[in-house]
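Protein chains: 4
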Amino acid sequence: GEKLVVMAGMNVLESRDLAMRICEQLKAVCERLDLPYIFKASFDKANRSSITSYRGPGLDEGLRILADVKAELGVPVITDYHTAEQAQLVADVAEIIQVPAFLVRQTDLVVAGAEAVMKTGGWLHVKKAQFLAPWDCKNIVSKIGEVTGPDNPTILCERGASFGYNNLVVDMLSIPAMKALGVPVTIDATHAVQLPGADPRTAGGSTGGRREGVPIIAKSAVAAGADGVFLEFHPDPDKALCDGPSCLPLDGAEALLADLKAIHSIVNA
Amino acid sequence: GEKLVVMAGMNVLESRDLAMRICEQLKAVCERLDLPYIFKASFDKANRSSITSYRGPGLDEGLRILADVKAELGVPVITDYHTAEQAQLVADVAEIIQVPAFLVRQTDLVVAGAEAVMKTGGWLHVKKAQFLAPWDCKNIVSKIGEVTGPDNPTILCERGASFGYNNLVVDMLSIPAMKALGVPVTIDATHAVQLPGADPRTAGGSTGGRREGVPIIAKSAVAAGADGVFLEFHPDPDKALCDGPSCLPLDGAEALLADLKAIHSIVNA
Amino acid sequence: GEKLVVMAGMNVLESRDLAMRICEQLKAVCERLDLPYIFKASFDKANRSSITSYRGPGLDEGLRILADVKAELGVPVITDYHTAEQAQLVADVAEIIQVPAFLVRQTDLVVAGAEAVMKTGGWLHVKKAQFLAPWDCKNIVSKIGEVTGPDNPTILCERGASFGYNNLVVDMLSIPAMKALGVPVTIDATHAVQLPGADPRTAGGSTGGRREGVPIIAKSAVAAGADGVFLEFHPDPDKALCDGPSCLPLDGAEALLADLKAIHSIVNA
Amino acid sequence: GEKLVVMAGMNVLESRDLAMRICEQLKAVCERLDLPYIFKASFDKANRSSITSYRGPGLDEGLRILADVKAELGVPVITDYHTAEQAQLVADVAEIIQVPAFLVRQTDLVVAGAEAVMKTGGWLHVKKAQFLAPWDCKNIVSKIGEVTGPDNPTILCERGASFGYNNLVVDMLSIPAMKALGVPVTIDATHAVQLPGADPRTAGGSTGGRREGVPIIAKSAVAAGADGVFLEFHPDPDKALCDGPSCLPLDGAEALLADLKAIHSIVNA
Numbered sequence: 001g002e003k004l005v006v007m008a009g010m011n012v013l014e015s016r017d018l019a020m021r022i023c024e025q026l027k028a029v030c031e032r033l034d035l036p037y038i039f040k041a042s043f044d045k046a047n048r049s050s051i052t053s054y055r056g057p058g059l060d061e062g063l064r065i066l067a068d069v070k071a072e073l074g075v076p077v078i079t080d081y082h083t084a085e086q087a088q089l090v091a092d093v094a095e096i097i098q099v100p101a102f103l104v105r106q107t108d109l110v111v112a113g114a115e116a117v118m119k120t121g122g123w124l125h126v127k128k129a130q131f132l133a134p135w136d137c138k139n140i141v142s143k144i145g146e147v148t149g150p151d152n153p154t155i156l157c158e159r160g161a162s163f164g165y166n167n168l169v170v171d172m173l174s175i176p177a178m179k180a181l182g183v184p185v186t187i188d189a190t191h192a193v194q195l196p197g198a199d200p201r202t203a204g205g206s207t208g209g210r211r212e213g214v215p216i217i218a219k220s221a222v223a224a225g226a227d228g229v230f231l232e233f234h235p236d237p238d239k240a241l242c243d244g245p246s247c248l249p250l251d252g253a254e255a256l257l258a259d260l261k262a263i264h265s266i267v268n269a
Numbered sequence: 001g002e003k004l005v006v007m008a009g010m011n012v013l014e015s016r017d018l019a020m021r022i023c024e025q026l027k028a029v030c031e032r033l034d035l036p037y038i039f040k041a042s043f044d045k046a047n048r049s050s051i052t053s054y055r056g057p058g059l060d061e062g063l064r065i066l067a068d069v070k071a072e073l074g075v076p077v078i079t080d081y082h083t084a085e086q087a088q089l090v091a092d093v094a095e096i097i098q099v100p101a102f103l104v105r106q107t108d109l110v111v112a113g114a115e116a117v118m119k120t121g122g123w124l125h126v127k128k129a130q131f132l133a134p135w136d137c138k139n140i141v142s143k144i145g146e147v148t149g150p151d152n153p154t155i156l157c158e159r160g161a162s163f164g165y166n167n168l169v170v171d172m173l174s175i176p177a178m179k180a181l182g183v184p185v186t187i188d189a190t191h192a193v194q195l196p197g198a199d200p201r202t203a204g205g206s207t208g209g210r211r212e213g214v215p216i217i218a219k220s221a222v223a224a225g226a227d228g229v230f231l232e233f234h235p236d237p238d239k240a241l242c243d244g245p246s247c248l249p250l251d252g253a254e255a256l257l258a259d260l261k262a263i264h265s266i267v268n269a
Numbered sequence: 001g002e003k004l005v006v007m008a009g010m011n012v013l014e015s016r017d018l019a020m021r022i023c024e025q026l027k028a029v030c031e032r033l034d035l036p037y038i039f040k041a042s043f044d045k046a047n048r049s050s051i052t053s054y055r056g057p058g059l060d061e062g063l064r065i066l067a068d069v070k071a072e073l074g075v076p077v078i079t080d081y082h083t084a085e086q087a088q089l090v091a092d093v094a095e096i097i098q099v100p101a102f103l104v105r106q107t108d109l110v111v112a113g114a115e116a117v118m119k120t121g122g123w124l125h126v127k128k129a130q131f132l133a134p135w136d137c138k139n140i141v142s143k144i145g146e147v148t149g150p151d152n153p154t155i156l157c158e159r160g161a162s163f164g165y166n167n168l169v170v171d172m173l174s175i176p177a178m179k180a181l182g183v184p185v186t187i188d189a190t191h192a193v194q195l196p197g198a199d200p201r202t203a204g205g206s207t208g209g210r211r212e213g214v215p216i217i218a219k220s221a222v223a224a225g226a227d228g229v230f231l232e233f234h235p236d237p238d239k240a241l242c243d244g245p246s247c248l249p250l251d252g253a254e255a256l257l258a259d260l261k262a263i264h265s266i267v268n269a
Numbered sequence: 001g002e003k004l005v006v007m008a009g010m011n012v013l014e015s016r017d018l019a020m021r022i023c024e025q026l027k028a029v030c031e032r033l034d035l036p037y038i039f040k041a042s043f044d045k046a047n048r049s050s051i052t053s054y055r056g057p058g059l060d061e062g063l064r065i066l067a068d069v070k071a072e073l074g075v076p077v078i079t080d081y082h083t084a085e086q087a088q089l090v091a092d093v094a095e096i097i098q099v100p101a102f103l104v105r106q107t108d109l110v111v112a113g114a115e116a117v118m119k120t121g122g123w124l125h126v127k128k129a130q131f132l133a134p135w136d137c138k139n140i141v142s143k144i145g146e147v148t149g150p151d152n153p154t155i156l157c158e159r160g161a162s163f164g165y166n167n168l169v170v171d172m173l174s175i176p177a178m179k180a181l182g183v184p185v186t187i188d189a190t191h192a193v194q195l196p197g198a199d200p201r202t203a204g205g206s207t208g209g210r211r212e213g214v215p216i217i218a219k220s221a222v223a224a225g226a227d228g229v230f231l232e233f234h235p236d237p238d239k240a241l242c243d244g245p246s247c248l249p250l251d252g253a254e255a256l257l258a259d260l261k262a263i264h265s266i267v268n269a
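Protein chains in written order, with this note's numbering: chain A, 1 to 269; chain B, 1 to 269; chain C, 1 to 269; chain D, 1 to 269.
In short, the hints are calculated from the structure, not lab data. Wrong hints could be hidden among the right ones.
One-sided and incomplete, this derived list gives chain A residues near chain B with beta-carbon spacing under 8 Å [to be verified]:
#: 1; residue: Phe163
#: 2; residue: Asp171
#: 3; residue: Met172
#: 4; residue: Leu173
#: 5; residue: Pro176
#: 6; residue: Gly213
#: 7; residue: Ile216
#: 8; residue: Ile217
#: 9; residue: Ser220
#: 10; residue: Gly225
#: 11; residue: Ala255
#: 12; residue: Asp259
#: 13; residue: Ala262
#: 14; residue: Ile263
#: 15; residue: Val267
Here are a few chain C residues that sit away from chain B, every Cβ distance over 10 Å (derived from the structure) [as the list claims (entries may be wrong)]:
#: 16; residue: Glu2
#: 17; residue: Lys3
#: 18; residue: Leu18
#: 19; residue: Arg32
#: 20; residue: Ser50
#: 21; residue: Ile51
#: 22; residue: Arg55
#: 23; residue: Gln88
#: 24; residue: Met118
#: 25; residue: Ala133
#: 26; residue: Glu146
#: 27; residue: Asn152
#: 28; residue: Gly197
#: 29; residue: Arg211
#: 30; residue: Glu254
Idealized CB from N, CA, C, for every residue including glycine.
Start from the sequences, fold in the hints, and give me the full structure.
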């Protein structure tokens, strides 16, 4: 009987205005569809392929924008943190703080996040690493539980597993496998379609994507039992400053979310 | 606007009576749900892990049972063939003849199948091999098209890709990738959940399965755009003579197929 | 104390003259290096990607050429067979008959091969399939042993495992894992470097290769304990009618085989 | 004509005495074999599967032990760092500082390491992540080169790639692929044989290993062109406080290193 949770917004913060615009529009869509909505944006892309890629406004300016969005639009927000030191600062603004996939095995980072959200009453959104089996998330959930006690604030997120070089695959069986750990599970359909790394056959130095695959993965994962979706939009995806190739057009959000809601209703009837 | 096609039945033919019973029940379910139904059963499991495993009644007796089922219950049937010589014999009984996954690269086998269905007006159901990329099915579709001309009778079937040792993964993006080749695509959710081969940590000599994953994969794949589903049932799955661990209980068929129909309606609206 | 076995020759038979030339030269190299030599060539490429690819001279003409090579140069030969019917015909000419990788799970084919070599006193060279774990070869060795009794004539061959789409990887730990089954193990370095299938980013319809990787894989595998090597050469690799991209130049054979012999001596000291 | 470089020691620092003992013995072995030797030990295992696993003595005490080993035995040392803040502290003691595999995409960490070794004249040993293609290491080498200029102090290390769940595979072709980036390449044979994560079929919460595979991978990789080896030893591997299952017995070091030296001579002749 639970509603499908929507974590949606933009990849990296580009400007205060764009954040407001995207959040406002997605909030309205989710209100019309009666779906709980959380605004997502990153303040720092700390692991870009290339040193010259755009990384975002940084911690201070980024948290300021997120606080503004919350104040003005009244929505909860989710954003990632990258060091143990950032955990509390981020949790003081964001209801949900996110552990990046590559960092999920860093004990100090995970523990700092757990301590931070315990103080704020927030949640930890943990991206399952590309190198991790779904059942191995048990160790991460346990690390967090050691800090927080039985009310474990973990949400696990599927975002694809390494499948040979320069490719990811989403194993839909990972969703029930992670749900079996007793926590909610989301699908990050945006990052799951990325073709990671530079293709040796092209000159490219940034991470490729497959935009048309995002709705496929989102629908499949909800059909497989995902409790929430994580999606990135842009009014003009090809001009997004980061990960444009896997970014969805903002004006397609309502149709996609309506389908996802309908599938979620069927599998949770 | 197309309806979801249901290819369903049993793994290997165990007896004429059991084939009748399973077909009758599934036919009734599909009539209630208004879904096109094709009965599936194999006469020979030609690639069992172990030489002592049950292989089925063989070609002659198997085709006799399939012909009886057709005559008595008035449904089309699908079954696999394993050599070029068998192609026409099988196509003379079965509306759809199936190329086993491991054999999809055998040119003579594929060509013989194409020639056979061209005579009968039937179809070729080609299981995508565990070692094959979805876009590489193009070569198989082309081989068949060389024989049959523009009315290509190929249906491609996703049944999982090798994912490390002793595991398969279903890449849901393979479904649109195969549909892009201009042919219908089905999901064999039953075989896709198998854990192939003997696990070195157990003594086992036959192929494992994960029954609870079958509905997950089926729902996900229909959400990803599959045109049909391929499913194996048994009144008492744990007593099935082949692949019991990935076999569904017959009395659960209606609930699952109803969900699949509903998801199919949403994504094809 | 055993010597490294060399199975080497050409991919597909192109002409009687070329077969003689390649065999003569490789035989001379192996005599200088004091390594046992077996001539390899295929009479039919039964699983080419494209229906229009060159397949070879076929069974009759192919076996005639192989018999001529044996008669004239006095070397044993290895070639593959593709159906149960071909097994005895091939074993009557070739001391070693080869089960193609995709076909290793076909019980009838394997059993026919075992029966054939039992009559001739030959061997079965079984390519481990791209979808098979090394320990799962146990079932194949057992199927052959059921026919032949305790003097099991199986040689297992590593030729790469599926690693995502359009790529193979050689897991060097597979070599001791297969040797643990009590049979000799070879490395097919030529096919192990192939990039299987059509790359979606190119128009190509045949299987790619990486010639410069062949010596790397061969040396690594011998260092990992392989008892033999399987290599394909051509006087002009870029003009080879099949798999040229993974074919080695004939005049480089001696330097490579000398290195392999030296590594083999170290790891077997 | 270069000699094979040996980075060897223990997994995590257990005590000052044990570090001295292991280093002294390995130093003596490498002197006898005329191989350049660098002592390896970690002060913190920052990404253990379980929160209750032994992590080591920590930064201060760990660096003190490493400095003592250097002072007493006169060998260079290598150890890993886990945050940007640790980079300079570690580089002030260790000639080679190591970027852990999971962290190679963290730009700030890599840049801090590059700045630190530029001051000390040391090197950065970068473990290729399990999710990274070898050619994608180009971006990491470039990030470091942006800081250091043309005398790029990067050494790339192969330690296995994700191969399905709970398994790694070493692609020997990654070694020439990384060497093609213009930097030396080592093989971490110890970590490459790990079976990462908790096996769902056992109760285990720590990372498994396959000790007998370590020499296989080391020999294979040197045969494939590796310039150095990275190996962990213990006088009593089954009592090692971390990663015992993939740890080699100290008294087997000389025989293994002698083989590796001999293979290295052949492939570099």
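Structure-based check of each hint:
no. : hint   : result
1   : Phe163 : holds, 7 Å
2   : Asp171 : holds, 5 Å
3   : Met172 : holds, 4 Å
4   : Leu173 : holds, 5 Å
5   : Pro176 : holds, 6 Å
6   : Gly213 : holds, 5 Å
7   : Ile216 : holds, 5 Å
8   : Ile217 : holds, 6 Å
9   : Ser220 : holds, 4 Å
10  : Gly225 : holds, 7 Å
11  : Ala255 : violated, 10 Å
12  : Asp259 : holds, 6 Å
13  : Ala262 : holds, 5 Å
14  : Ile263 : holds, 6 Å
15  : Val267 : holds, 6 Å
16  : Glu2   : holds, 27 Å
17  : Lys3   : holds, 31 Å
18  : Leu18  : holds, 23 Å
19  : Arg32  : holds, 38 Å
20  : Ser50  : violated, 6 Å
21  : Ile51  : violated, 4 Å
22  : Arg55  : violated, 8 Å
23  : Gln88  : holds, 16 Å
24  : Met118 : holds, 15 Å
25  : Ala133 : violated, 4 Å
26  : Glu146 : violated, 5 Å
27  : Asn152 : holds, 13 Å
28  : Gly197 : violated, 4 Å
29  : Arg211 : holds, 22 Å
30  : Glu254 : holds, 34 Å
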